[in-house]
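Participant: Could you build the full structure based on these sequences and the hints that come with them?
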Amino acid sequence: MSGAALGLEIVFVFFLALFLLHRYGDFKKQHRLVIIGTLLAWYLCFLIVFILPLDVSTTIYNRCKHAAANSSPPENSNITGLYATANPVPSQHPCFKPWSYIPDGIMPIFWRVVYWTSQFLTWILLPFMQSYARSGGFSITGKIKTALIENAIYYGTYLLIFGAFLIYVAVNPHLHLEWNQLQTIGIAAANTWGLFLLVLLLGYGLVEIPRSYWNGAKRGYLLMKTYFKAAKLMTEKADAEENLEDAMEEVRKVNESIKYNHPLRKCVDTILKKCPTEYQEKMGRNMDDYEDFDEKHNIYPSEKSLVKLHKQVIYSVQRHRRTQVQWQILLEQAFYLEDVAKNETSATRQFVHTFQSPEPENRFIQYFYNPTFEWYWECLLRPWFYKILAVVLSIFSVIVVWSECTFFSTTPVLSLFAVFIQLAEKTYNYIYIEIACFLSIFFLSICVYSTVFRIRVFNYYYLASHHQTDAYSLLFSGMLFCRLTPPLCLNFLGLTHMDSSISHKNTQPTAYTSIMGSMKVLSFIADGFYIYYPMLVVILCIATYFSLGTRCLNLLGFQQFMGDDDMTSDLVNEGKELIRKGIYTKYPDRPVLKAISNKLLRVWRRAASCLKNGKNVMDTIEKIPLGTEISILTPKSQTSQMLIPTVLHSNIPGLITGLKGTG
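When we follow full-length UniProt numbering, the leftmost residue of the sequence shown carries the number 1, and every step to the right adds one.
Since the hints were made in silico from the structure, they are not lab data. Remember, predicted model here, so these are calculated numbers, not experimental data. Even glycine gets a Cβ: it sits at the ideal position worked out from N, Cα and C. Take these hints with a grain of salt, some might be off.
The calculated label-pair distances, taken between Cβ atoms and stated as ranges, are [claimed, not checked]:
1) D104 - K273: 49 to 59 Å
2) A69 - R112: 25 to 35 Å
3) V171 - A68: 38 to 48 Å
4) P371 - R252: 45 to 55 Å
5) Y432 - K145: 52 to 62 Å
6) F558 - L148: 25 to 35 Å
7) M562 - I167: 45 to 55 Å
8) R252 - I153: 31 to 41 Å
9) G563 - I10: 40 to 50 Å
10) C552 - A68: 55 to 65 Å
Below 27 Å or equal to it, Euclidean Cα-Cα: the simulated DSS-like pairs (lysine-lysine) are [stated by the list, open to error]:
11) K273 - K311
12) K145 - K274
13) K387 - K229
Facilitator: Okay, here's the thing in structure tokens:
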């Protein structure tokens, strides 16, 4: 099995990254360089998380061999007695080779390739590709120039940190610059930037993730929060539509002023290709290409203004598409949560969907995940499962916070991660060590990366499933993963005392820490920032627990979901109405809606008759109580029972009021 585990995980992680990228990206529409760059970034970061546990188990085995070699008695022993033999005395430290043992010399090369490739991607290539993808330039040279200018702040920040460390080493008389030390300075600069952001994101995720599952177990909580999101998203969606209309109006004016024989016509055609199809067709019908331009009487835009318009169009189209996707996903969530709320009181204990998904489900899933099983899971088991999961995640969070504050203590060992690993090391339980390391790193990664997409300021970079993520968001995710994963794993090795600079023991380090170099070159970083800065996670966790950030954003006018707030209640009610209106736009041709509409039409006619005869309209309305079952004839001539949705029932009084106005 020597090296086989490493090879299997390399192949497995590649297909895992490819599967996730296929789910979020669009291989057909997006540029190949964007797909390759994002795939490589995700792949390298996933490799670090999956391979690091193998590095830990291999290092423990190598330490055992080294200890056994140093403690073995000499071969020619003069010891005599009852148990004396002619053979050498066996070692007091029996070493068992792990199933995933990796031969010497492989891991240092592997980590060096993975680390430096990921750093090249995150600091140079991906930011450049990100700006290049959104540049408004019409030539390769123009796009490259724009990308370099936009990324000057990133490159400048990195060079500033690196330069400060370089000056510190240069003026220190006890240190002499060598190539390895220059590498260490570069690594320290990158890890310092990553650790600074890492602790901020980790402090939020350690509290918010367990709390989100606990709140998700509450009846109606997710539905209320979805209504709240709908109200805020509709505002953003309307703003995106308005910006798109403004951009398309500018494009229309430019398209009409610059005719086919104008020198800048190619630039206009490039802009038109970035517009939505319906706008392209509309502008194509309204343009007469055979009309020559008159340079004397018309004022034409410059190439610089067209570059600005091109960038505006790219941004507006991407933002509009993103909000449309978010809105459709939110509608699906709201409809399903409304179904869950209605089915909780079902006496038949079978889950009834108001609207079936347009995509056919797998037969295997339909067989096992039938309406009965779905009811028990959604209405009975999932709330309890979420509560148990929230408790388990809370325990993990407490362990992380405690270990972050105490991992510098080696006598006694206070870090719980280090205690667990050292106990397993005594029994050489390599399976437990690898599983514990993987779960710990995975939990830390989830806390950090999920925070990026939970905080509203980062919501601009939206990873949407069903191939709806734009190139800018894909590249940003790959760039962020590459920046945060190395310091995250280095921090984990410090928590487990596998980093010799933390444990202060003259033991063999892991291959991962060996490529980082000796941080003694920058003692104030190794003995100061890396040790004490992670303690700030306690303050961040306390602030997150009491929702201090949410309250501050509310005071600043950025409304956040708070159950006891009047503004939150107003937005929830507004979102509820928006979801009710969205049901007609999303399912206009469904047989369910047609059948319900026909039944409502008969009720409206009766209501109109009641109005003419002076009768009470509400007597007619009450004939269709909420939850009434109606028979619907499907295309397969099968009759199914469906519930009248809350949205239609609650809209009847308003529609009857409209009848009064037209009567």
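Participant: Work down the list of hints and note, for each, if the structure agrees.
Facilitator: Results for each hint:
1. Range check, D104 to K273: Cβ separation about 56 Å, and the 49 to 59 Å hint holds.
2. The supplied range of 25 to 35 Å is met by A69 and R112, whose beta-carbon atoms lie about 27 Å from each other.
3. Look at V171 against A68: about 45 Å separates their beta carbons, and that is inside 38 to 48 Å.
4. Under the hint 45 to 55 Å, the C-beta atoms of P371 and R252, about 51 Å apart, fit the expected range.
5. A C-beta distance of roughly 55 Å is found between Y432 and K145, which places it inside the suggested range of 52 to 62 Å.
6. For F558 paired with L148, a C-beta distance near 33 Å keeps the hint of 25 to 35 Å intact.
7. The hint said 45 to 55 Å for the Cβ distance between M562 and I167, and at roughly 47 Å that hint holds.
8. For the hinted restraint 31 to 41 Å between R252 and I153, the CB-CB distance of approximately 35 Å keeps it satisfied.
9. For the pair G563 and I10, the supplied restraint of 40 to 50 Å holds, since their beta-carbon distance comes to about 47 Å.
10. Look at C552 against A68: about 57 Å separates their beta carbons, and that is inside 55 to 65 Å.
11. Using a Cα cut-off of 27 Å, the hinted pair K273 and K311 holds, with the two alpha carbons roughly 13 Å apart.
12. The straight-line distance between the Cα atoms of K145 and K274 is roughly 21 Å, inside the 27 Å bound, and the hint therefore holds.
13. Using a Cα cut-off of 27 Å, the hinted pair K387 and K229 holds, with the two alpha carbons roughly 23 Å apart.
In this structure, none of the earlier numbered hints is contradicted; all agree with it.
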